[in-house]
Amino acid sequence: MIQLHQKLAAPAPNKLTTDGKAESDLLKANYDAGERDFKFKADIYGHPQVKDSLLTLQNGKCCFCEAQINHVSYGDVEHFRPKGGWIQDSEPLNTPGYYWLAYDWENLFLSCQLCNQRFKKNYFPLENNVNRAKSHHDNISSEAPLFIHLTNENPEDFICFKDEIPVAINGNLRGDT
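With the numbering used here applied, the sequence shown covers 601 to 777.
Simulated from the structure, these hints should not be mistaken for lab results. There's no promise every hint is true.
As the list claims (entries may be wrong) - Label pairs and their computed distance ranges (CB to CB):
1) A610 x K721: 20 to 28 Å
2) N772 x S741: 37 to 45 Å
3) E764 x S735: 39 to 47 Å
4) S742 x K628: 14 to 22 Å
5) D776 x Q717: 30 to 38 Å
6) E727 x C760: 15 to 23 Å
7) T695 x N728: 17 to 25 Å
8) D763 x Q649: 34 to 42 Å
9) D689 x A768: 16 to 24 Å
Just so you know, these numbers come straight off a predicted model, no measurement behind them. Ideal Cβ placement from N, Cα and C applies to all residues, glycine included.
Input sequences plus hints: build the corresponding full structure.
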């Protein structure tokens with residue numbers, strides 16, 4: 601994992617600022633109207649414009665394992681905070697997820713299929729699950745995610761390598777997670 605400094609300065613792709621914003625506004629309105637089962641449009645967050653931007657910003661690498669992703673058609677758009685539902689430990693899927701961030705540029709990364717579909721999935725542990733934002737009315741800044749956000753934090757503060765094996769620095773929980 602490497603920090604993505606350039607993503608902080610990169611503007612969100614137009615597909616997210618237009619269609620993504622409109623869809624986010626609709627999801628929020630539907631939540632306020634009582635809806636809890638959301639449908640997401642992969643053609644927005646997974647649009648070639650979005651994937652290509654992420655591929656460029658991540659130097660063609662998976663956000664987790666840094667495996668080379670050679671083409672925009674490979675790889676998954678990964679939601680740092682999962683859009684449909686979340687898992688803290690080993691309980692069943694909790695819904696809804698972070699539906700209001702489904703098209704948010706800062707919540708999106710590109711990962712290889714293996715990391716996204718086999719390992720990360722909907723797993724999103726917090727230091728204290730009581731602080732979890734459960735709707736767009738809650739403040740996510742009160743959360744303390746155990747996952748490292750690649751644009752806001754430097755993974756090298758939490759993880760080092762012994763040969764090719766990632767190891768938590770001083771056994772810290774976030775590096776271990």
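Going through the hints against the structure:
Range check, A610 to K721: Cβ separation about 27 Å, and the 20 to 28 Å hint holds. Checking the proposed 37 to 45 Å range against N772 and S741 shows it is violated: the Cβ atoms sit about 21 Å from each other. Checked against the hint of 39 to 47 Å, the pair E764 and S735 passes, with Cβ atoms roughly 41 Å apart. The given range of 14 to 22 Å is respected by S742 and K628, whose C-beta atoms sit roughly 19 Å from each other.
A hinted range of 30 to 38 Å for the beta carbons of D776 and Q717 is inconsistent with their spacing of about 22 Å. Restraint check, E727 to C760: a C-beta distance of roughly 21 Å satisfies the suggested window 15 to 23 Å. Restraint check, T695 to N728: a C-beta distance of roughly 20 Å satisfies the suggested window 17 to 25 Å. At roughly 38 Å, the beta carbons of D763 and Q649 sit within the given window of 34 to 42 Å.
At roughly 18 Å, the beta-carbon separation of D689 and A768 lies within the given 16 to 24 Å, and the hint holds.
In this structure, the earlier hints numbered 2 and 5 are contradicted, and the remaining ones agree with it.
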